[in-house]
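Listed in order, the protein sequences are those of chains A and B. With this note's numbering as the guide, the letters of the first sequence map in order to residues 1 to 158. With this note's numbering as the guide, the letters of the second sequence map in order to residues 159 to 316.
What the hints contain is simulated information worked out from the structure, not anything from laboratory work. Note that the structure is predicted; figures quoted are calculated from it, not measured. Think of the CB as a built atom: it goes at the ideal place given N, C-alpha and C, for glycine as much as any other residue. Heads up, some of the hints might be wrong.
Said to hold, decoys possible - If you want a taste of the chain B side facing chain A, the calculated C-beta under 10 Å gives, among others:
hint, residue
1, 165
2, 172
3, 193
4, 197
5, 215
6, 231
7, 234
8, 236
9, 282
10, 286
As the list claims (entries may be wrong) - Far from chain B, some chain A residues (derived; all Cβ distances over 12 Å):
hint, residue
11, 1
12, 19
13, 88
14, 97
15, 105
16, 108
17, 112
18, 121
19, 137
20, 139
21, 150
What the hints assert, rightly or not - Rough simulated footprint, nothing fancy, chain B against chain A, three-plus residues with beta-carbon under 8 Å:
hint, segment
22, 5-15
23, 39-48
Number of protein chains: 2
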Amino acid sequence: MIWICFAIFLGACFGAGATGGLFPPGVWYARLQKPTWTPPNWLFPVAWTTLYICMAAAGARAAVSEGNGIAMALWSLQIALNGLWTPVFFGLRRMKLGLLVLSLLWLSVAAALVSLWQVDWIAGLLFVPYLAWVTVAGALNLSVIRLNPGETGRAQEN
Amino acid sequence: MIWICFAIFLGACFGAGATGGLFPPGVWYARLQKPTWTPPNWLFPVAWTTLYICMAAAGARAAVSEGNGIAMALWSLQIALNGLWTPVFFGLRRMKLGLLVLSLLWLSVAAALVSLWQVDWIAGLLFVPYLAWVTVAGALNLSVIRLNPGETGRAQEN
Chain A
1 MIWICFAIFL
11 GACFGAGATG
21 GLFPPGVWYA
31 RLQKPTWTPP
41 NWLFPVAWTT
51 LYICMAAAGA
61 RAAVSEGNGI
71 AMALWSLQIA
81 LNGLWTPVFF
91 GLRRMKLGLL
101 VLSLLWLSVA
111 AALVSLWQVD
121 WIAGLLFVPY
131 LAWVTVAGAL
141 NLSVIRLNPG
151 ETGRAQEN
Chain B
159 MIWICFAIFL
169 GACFGAGATG
179 GLFPPGVWYA
189 RLQKPTWTPP
199 NWLFPVAWTT
209 LYICMAAAGA
219 RAAVSEGNGI
229 AMALWSLQIA
239 LNGLWTPVFF
249 GLRRMKLGLL
259 VLSLLWLSVA
269 AALVSLWQVD
279 WIAGLLFVPY
289 LAWVTVAGAL
299 NLSVIRLNPG
309 ETGRAQEN
């Protein structure tokens with residue numbers, strides 16, 4: 001049953017991750033000033049694919065454990081917030097709102113990590129790279145806001 | 159503990175539902191041909207708020223029950239897909255891709271309903287209005303595609 005859970009959680013990850021393909025960074029993002037430590041473009045899909053596998057494995061391990069209620073609720077919360085960032089940042093180009101979403105995502109991932117660890121320490125450990133990556137993403141989002149003060153988002157069209 | 163789970167699941171619902179405020183239908187959608195049975199605009203936020211409360215209650219009831227693994231995984235899957243439809247339909251204006259997302263959402267909600275019911279029949283029952291509403295939304299999406307054959311989505315901008 002753990003493999004069925006893994007497959008379903010992986011589906012949830014790719015559901016949230018589909019926004020990455022639907023709202024690509026494009027020329028707009030390429031033209032923005034970015035910090036020198038910005039990870040190379042090729043790393044993002046590689047990192048996310050790896051993280052999705054870890055996240056799904058963590059979810060599946062907790063799903064088959066007892067006393068998993070809060071951990072499962074937090075897993076759901078983080079995936080809902082995970083899928084929200086890309087449409088806000090690359091779709092609407094609202095960088096400050098993107099930072100708010102990332103901050104909430106960071107909190108939910110940190111809470112999920114702690115809660116998963118209490119259920120199954122390997123599940124908690126599998127969330128460590130995810131929290132690290134979201135920390136980097138948050139720092140990058142913040143830097144891009146500071147380096148591009150003139151960007152105010154995409155005008156709402158009708 | 160069930161109330162903490164309820165609050166977290168409700169947060170996940172509003173995380174996914176935030177897309178509704180960020181990608182509003184606007185003039186583009188108002189101008190589309192719609193079927194005569196289209197629900198009035200005011201009903202959509204009322205319906206979704208009610209559904210979110212039912213969905214969070216279902217998640218919380220299952221979260222504190224034993225043998226909840228697959229039900230919890232499916233709850234996560236449906237919320238990831240739930241948050242995807244609005245950016246695709248109203249953000250990108252890709253109506254056919256929206257229908258694909260809604261079809262996958264329908265399947266995940268139906269599977270979650272069955273799986274929740276096996277864990278706690280009240281949790282399953284709380285998903286019945288959700289499945290009914292997604293069925294209506296799917297029929298509306300399909301009708302709008304048929305009634306507006308010239309609409310091909312928003313051009314990708316840079």
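Hint check results:
1. For residue 165 of chain B, the suggested interface contact is upheld, since its CB lies about 8 Å from the closest CB of chain A, less than 10 Å.
2. A least Cβ separation of about 8 Å between residue 172 of chain B and chain A falls short of the 10 Å threshold, and the interface hint therefore holds.
3. This hint is violated: residue 193 of chain B has a C-beta 22 Å from the nearest C-beta of chain A, more than the 10 Å allowed.
4. A least Cβ separation of about 22 Å between residue 197 of chain B and chain A goes past the 10 Å threshold, and the interface hint is therefore violated.
5. Checking residue 215 of chain B against chain A by beta carbon gives a least distance of about 12 Å; that is not within 10 Å, so the hint is violated.
6. Checking residue 231 of chain B against chain A: minimum C-beta separation of about 4 Å stays under 10 Å; hint holds.
7. For residue 234 of chain B, the shortest C-beta to C-beta distance to chain A is roughly 4 Å, which falls under 10 Å, so the interface hint holds.
8. The closest approach between the C-beta of residue 236 of chain B and any C-beta of chain A is roughly 8 Å, which is under the 10 Å cut-off, so the hint is satisfied.
9. Interface hint status for residue 282 of chain B: violated, as the beta-carbon distance to the closest one in chain A is roughly 17 Å, over 10 Å.
10. The beta carbon of residue 286 of chain B is not positioned within 10 Å of any beta carbon in chain A (closest approach about 20 Å), and the interface hint is therefore violated.
11. Residue-level check failed: residue 1 of chain A sits 6 Å from the nearest beta carbon of chain B, not beyond 12 Å.
12. Its closest Cβ contact with chain B, about 7 Å, brings residue 19 of chain A to no more than 12 Å, contrary to its assignment away from the interface.
13. Not every C-beta of chain B lies more than 12 Å from that of residue 88 of chain A, the closest at about 6 Å, which undercuts listing it as non-interface.
14. Non-interface call for residue 97 of chain A relative to chain B: violated, since the shortest CB-CB distance, roughly 8 Å, does not exceed 12 Å.
15. A Cβ of chain B approaches the Cβ of residue 105 of chain A within 12 Å, the least distance being about 9 Å, so the stated non-interface status is violated.
16. The Cβ of residue 108 of chain A does not lie farther than 12 Å from every Cβ of chain B; its closest approach is about 8 Å, which violates its non-interface assignment.
17. With a minimum CB-CB distance of about 10 Å to chain B, residue 112 of chain A fails to clear the 12 Å threshold, and the non-interface call is violated.
18. No beta-carbon of chain B is positioned within 12 Å of the beta-carbon of residue 121 of chain A; the least distance is around 18 Å.
19. The non-interface label for residue 137 of chain A is consistent with chain B: the shortest C-beta to C-beta separation is roughly 17 Å, beyond 12 Å.
20. The Cβ of residue 139 of chain A sits about 22 Å from the closest Cβ of chain B, beyond the 12 Å cut-off, so the non-interface label holds.
21. The non-interface label for residue 150 of chain A is consistent with chain B: the shortest C-beta to C-beta separation is roughly 17 Å, beyond 12 Å.
22. Under a criterion of three residues with beta carbons nearer than 8 Å to beta carbons of chain B, the stated coverage of the segment 5-15 of chain A is upheld, 7 such residues being counted.
23. Three residues within the 8 Å Cβ limit are the bar, and the segment 39-48 of chain A against chain B gives 0, so the coverage statement is violated.
Hints 3, 4, 5, 9, 10, 11, 12, 13, 14, 15, 16, 17, 23, counting from the list given before, are not met by this structure.
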